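All chains, please: the whole structure from these sequences, using the hints.
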Amino acid sequence: MTTRGRERRRRHGRVEGSTIALGIAIALLLLIVGYPLLWLVLAALGVPAEFRLDYIAGVFARSQNYSALVNTLILAFGAGVVSVVLGVPLAWAAARTDMPFRRSLQALVALSYITPPYLTAIAYIILLGPDAGYFNRILQAVTGAPRGPIDIFSMGGVIFVIAMHVFPFTFFMTYAALRSVDASYEEAARLLGARRLGVVWRVDLPLVAPAITGGALLSAIDSMALFGPQAFLGLPAQITFLPTRIYGVIGAYPPRWAEASSLSLTLVLLTALGLLLQRGYLERRSHTTVGGRGLRLETVRLGHWKWPAIASCGAVVFLSAIAPVAVLAIAAFSKSWIAGLTPGNFTIEHFDEALFNNQIAVRGILNSFRLAGAAGVCAMIIGAAVAYIDLRTRARGRRLLDYLAILPLGLPGTVMAVGVLLAFIRPPFAIYGTIWILLVAYVARFVPLATRSANATLRQIDPSLEEAARISGATRLGALWHILLPLSRPGLAVAFLLVFIPALSELSATILLYTGGTETIAVAIYRLNDLGQLEVVAALAVFVIAVTLLVSLPLNRLAARSRITPAADVPAM
Amino acid sequence: MAFIEISGLIKKFAAFEALKGIDVAIEEKEFVTFLGPSGCGKTTTLRVLAGFLAPDGGLVTVDGEVMSSPNYVVPPERRRMGMVFQNYAVWPHMSVHDNVAFGLRYAKLDRRQQAARVEQILASMGLDGLEDRHPAQLSGGQQQRVALARSLVVEPSILLLDEPLSNLDAKLRERMRFELKGLQRRTGITFVYVTHDQAEAMALSDRIAVFRGGTVQQVGSPREVYERPANLFVADFMGLVNKVPGTVAGRDGETVAVDVAGHRIDAVAHRNATGASVTVAIRPEAFTFGVATEGRVNRLSGVVTEATFLGSIVDYQIDIGGLTVRVQGERRSFHPVGSEVVLGVPAAECVAMPHEAEGAELGLPSPKDAE
Numbered sequence: 001m002t003t004r005g006r007e008r009r010r011r012h013g014r015v016e017g018s019t020i021a022l023g024i025a026i027a028l029l030l031l032i033v034g035y036p037l038l039w040l041v042l043a044a045l046g047v048p049a050e051f052r053l054d055y056i057a058g059v060f061a062r063s064q065n066y067s068a069l070v071n072t073l074i075l076a077f078g079a080g081v082v083s084v085v086l087g088v089p090l091a092w093a094a095a096r097t098d099m100p101f102r103r104s105l106q107a108l109v110a111l112s113y114i115t116p117p118y119l120t121a122i123a124y125i126i127l128l129g130p131d132a133g134y135f136n137r138i139l140q141a142v143t144g145a146p147r148g149p150i151d152i153f154s155m156g157g158v159i160f161v162i163a164m165h166v167f168p169f170t171f172f173m174t175y176a177a178l179r180s181v182d183a184s185y186e187e188a189a190r191l192l193g194a195r196r197l198g199v200v201w202r203v204d205l206p207l208v209a210p211a212i213t214g215g216a217l218l219s220a221i222d223s224m225a226l227f228g229p230q231a232f233l234g235l236p237a238q239i240t241f242l243p244t245r246i247y248g249v250i251g252a253y254p255p256r257w258a259e260a261s262s263l264s265l266t267l268v269l270l271t272a273l274g275l276l277l278q279r280g281y282l283e284r285r286s287h288t289t290v291g292g293r294g295l296r297l298e299t300v301r302l303g304h305w306k307w308p309a310i311a312s313c314g315a316v317v318f319l320s321a322i323a324p325v326a327v328l329a330i331a332a333f334s335k336s337w338i339a340g341l342t343p344g345n346f347t348i349e350h351f352d353e354a355l356f357n358n359q360i361a362v363r364g365i366l367n368s369f370r371l372a373g374a375a376g377v378c379a380m381i382i383g384a385a386v387a388y389i390d391l392r393t394r395a396r397g398r399r400l401l402d403y404l405a406i407l408p409l410g411l412p413g414t415v416m417a418v419g420v421l422l423a424f425i426r427p428p429f430a431i432y433g434t435i436w437i438l439l440v441a442y443v444a445r446f447v448p449l450a451t452r453s454a455n456a457t458l459r460q461i462d463p464s465l466e467e468a469a470r471i472s473g474a475t476r477l478g479a480l481w482h483i484l485l486p487l488s489r490p491g492l493a494v495a496f497l498l499v500f501i502p503a504l505s506e507l508s509a510t511i512l513l514y515t516g517g518t519e520t521i522a523v524a525i526y527r528l529n530d531l532g533q534l535e536v537v538a539a540l541a542v543f544v545i546a547v548t549l550l551v552s553l554p555l556n557r558l559a560a561r562s563r564i565t566p567a568a569d570v571p572a573m
Numbered sequence: 574m575a576f577i578e579i580s581g582l583i584k585k586f587a588a589f590e591a592l593k594g595i596d597v598a599i600e601e602k603e604f605v606t607f608l609g610p611s612g613c614g615k616t617t618t619l620r621v622l623a624g625f626l627a628p629d630g631g632l633v634t635v636d637g638e639v640m641s642s643p644n645y646v647v648p649p650e651r652r653r654m655g656m657v658f659q660n661y662a663v664w665p666h667m668s669v670h671d672n673v674a675f676g677l678r679y680a681k682l683d684r685r686q687q688a689a690r691v692e693q694i695l696a697s698m699g700l701d702g703l704e705d706r707h708p709a710q711l712s713g714g715q716q717q718r719v720a721l722a723r724s725l726v727v728e729p730s731i732l733l734l735d736e737p738l739s740n741l742d743a744k745l746r747e748r749m750r751f752e753l754k755g756l757q758r759r760t761g762i763t764f765v766y767v768t769h770d771q772a773e774a775m776a777l778s779d780r781i782a783v784f785r786g787g788t789v790q791q792v793g794s795p796r797e798v799y800e801r802p803a804n805l806f807v808a809d810f811m812g813l814v815n816k817v818p819g820t821v822a823g824r825d826g827e828t829v830a831v832d833v834a835g836h837r838i839d840a841v842a843h844r845n846a847t848g849a850s851v852t853v854a855i856r857p858e859a860f861t862f863g864v865a866t867e868g869r870v871n872r873l874s875g876v877v878t879e880a881t882f883l884g885s886i887v888d889y890q891i892d893i894g895g896l897t898v899r900v901q902g903e904r905r906s907f908h909p910v911g912s913e914v915v916l917g918v919p920a921a922e923c924v925a926m927p928h929e930a931e932g933a934e935l936g937l938p939s940p941k942d943a944e
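So the protein lines, in turn, are chains S and H. The first sequence begins at 1 in my numbering and counts up by one. The second sequence begins at 574 in my numbering and counts up by one.
Don't take each hint at face value.
[As the list claims (entries may be wrong)] Okay, the calculated beta carbon distance ranges per label pair:
#, chain 1, residue 1, chain 2, residue 2, range
1, S, Gly410, H, Asp701, 53 to 59 Å
2, S, Leu191, H, Gly612, 37 to 43 Å
3, H, Ala696, S, Ala560, 33 to 39 Å
[Stated by the list, open to error] Where chain S lies over chain H, by a calculated footprint (3+ residues, C-beta under 8 Å):
#, segment
4, 644-657
5, 671-681
6, 722-733
These are computed hints drawn from the structure, not numbers from a lab. Note that this is a predicted model, so its numbers are computed, not measured. C-beta: ideal position from N, C-alpha, C; glycine also.
Spelled out as structure tokens, the structure:
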């Protein structure tokens, strides 16, 4: 009897424990994701000063807002189209031909995406600035034009630079789809009389069309949110997009909150629409991936077409990955970037300035590392908790929790920042002006990456491993500690890195949330660029890219290690 | 009261009722198997017994103590049970030694006793010398032994086994069967075993509980469920069976006379077979060619329409006046297609049962439920 009484209490203690954990996770997510979004909507209606609908209804009556909307749509369309034009042929070459250097091509396409887009923009200022840009000077010399023929500070320039960053979406989705078309489809078409190119055109393309469209949509969605290139290349030419317009409206005195919120909600709406469409296309893709195991791929022998193929693929990744990184390095080691890298012009003083002397830069580096580290740890813990609750308990509300944790994936950084700003500039959580508001914004922005990674890791670990520990005498907590944690460590490390890497160079939210003393690397780059110190900016950029690449290196290995399954192959029952 | 008492167990997953009132009583030191096709509730019942699932209705008691009820579940770690999982669930990040020693950290033993216990169990499972290996370096059979050693080292009073042999190849599976049976006899631990393989169930069990659609169809010794199945489903699931439709011509206590395709067959009457039309269940190996004189033996004449040599036996299809029955005969006397034969089958081997809606393709011998 007494034993039963004790056990009853123990059991109640445990139930409360998991309820409390669930409660904390939900409360935290509601606070950092839900609460800012609520404020975004309220502010668009004029709250707290008043409550009316005409701000949100009349926001596009202002011509600057209207042109920002139109520009954003042009950008999205342009970036989507360019991503298809570049991504699809490259994907085909990498997936289905015997072209040499296919792996390097993939790595370089990935590098195009890993390089923070505002650094690519700065690189292109150096390459294609209208007067002194390296390429422009070459073109000038060749054509004899009075000034450089290409102006990167233009709509075309913004679309181009952003497309260089987003086309990997289309590339990788098309690549994956092409790798999942079994050769039997093509052989069937060949047997029925289709020629090789006809097969590509009539069989392969239609089969992977949903993936291509999905990739293009993803590229378009992402392009709308990229504050960096829009600001670096658009603002000097007075071309505004929604994020840069929002930035301007909040920077006005006094800040026009209702307008900024209305613009933010418009951007959210466009993003949501795009994601909905994209999801629809992805669902249609499923039939090509059913093949799964035992897949055979037909490889096209290029023969003497090999060299033109590798040359054009090389040209694309040269423009998207190699040239930007190289030119930043050249500028960083040059006394004056205009003169280019010659023995007399070589210096390392810009690194000295960027890493040790310039106050903002040094503070920025310190802050960025602190913030990225803290955001990585917080997001990893929240992500792991969400994944555990979702996959290992039957708690009510776990779907909502999962949804909340994935939601920010569809929110542009600028929008997240406006929401966070509105929510945390006032009591009861007045943390604006401190570094904490940046931490909140980073965790909120990147918690989906950690959640998805933790979720994938946990799915790989069969629940029977924990059950075996339970029946051997371990409590729920004991099983978590002795079994689940050691097994999920590589996956959790991936979750941390997936947050740490983008947080380190985050710009679009930071630019709205930083204050004196809480500058980050991205802010330092932004402000030094405004001051025209391109060489120091380049040195910082090289530093960021180097750290990013260094930290990305273990990702693949860790991701491979996190694929834990019990050694026995379990047949599907 | 039995050692393990499962009574009126109900379990729902959202709208799906996985268990619809399960009753099984298991005696101490008994080897009981939950047998059934996938989705029948056998594993769910085992997981309720282990404490991983809380029932929505009913009770589980062990040794008179309530283990599971809808409002109270003793957690798995306090049940003193061991469990062997289908995928073994050997922890991949621990050595064989650490896997086996894991449960002992929760037992009140000092270091020396622990070490001795681990060493002893590893030796008895034939795992000595493999202490420092990691699971990835072990074969499937060795992992199986590690899983067994790990669950036995804490000396549980009950061992739960969830399809433990289904991942092994056929030869190893057969050897492990003998080992498991021997182990159970040696240790005197109560084994509760889940499988969908009727041969495995019969080879291992003292008693078998046949599951279907969240209910228990029959509990009995292997011989009982094979020879006196409670219904056609059990008859079918336990092995090949001819289900011959007929009409009752007369009754004499336990025995009924049934008209089948112009033949008169004496059969044992199932208690529910009260109607005028019945299905007579006859195992293919119950037939003999030619009729022995003693006992009550039914006599059927027919023509061989198919004869398939299967090595140890010959599998026949025999037409007995418009109805085909499947017969398994000896390898040494072969009856070619077209030969006229006389079949004998003892009345005790024929069970007259009420018709059942499903799976009763009349007269045709039905293949064993493959899985």
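Evaluated hints:
Checked against the hint of 53 to 59 Å, the C-beta distance between S/Gly410 and H/Asp701 comes to roughly 58 Å, which is consistent with it. For S/Leu191 and H/Gly612, the hinted distance range of 37 to 43 Å is satisfied, since their beta carbons lie about 42 Å from each other. At roughly 37 Å, the beta-carbon separation of H/Ala696 and S/Ala560 lies within the given 33 to 39 Å, and the hint holds. For the segment 644-657 of chain H, the stated coverage by chain S is satisfied: 11 residues place a CB nearer than 8 Å to a CB of that chain, which reaches the threshold of 3.
Counting residues of the segment 671-681 of chain H whose beta carbon lies closer than 8 Å to any beta carbon of chain S gives 5, which meets the minimum of three for the stated coverage. Coverage of the segment 722-733 of chain H by chain S holds. Counting CB-CB distances below 8 Å, 4 residues qualify, and the rule asks for three or more.
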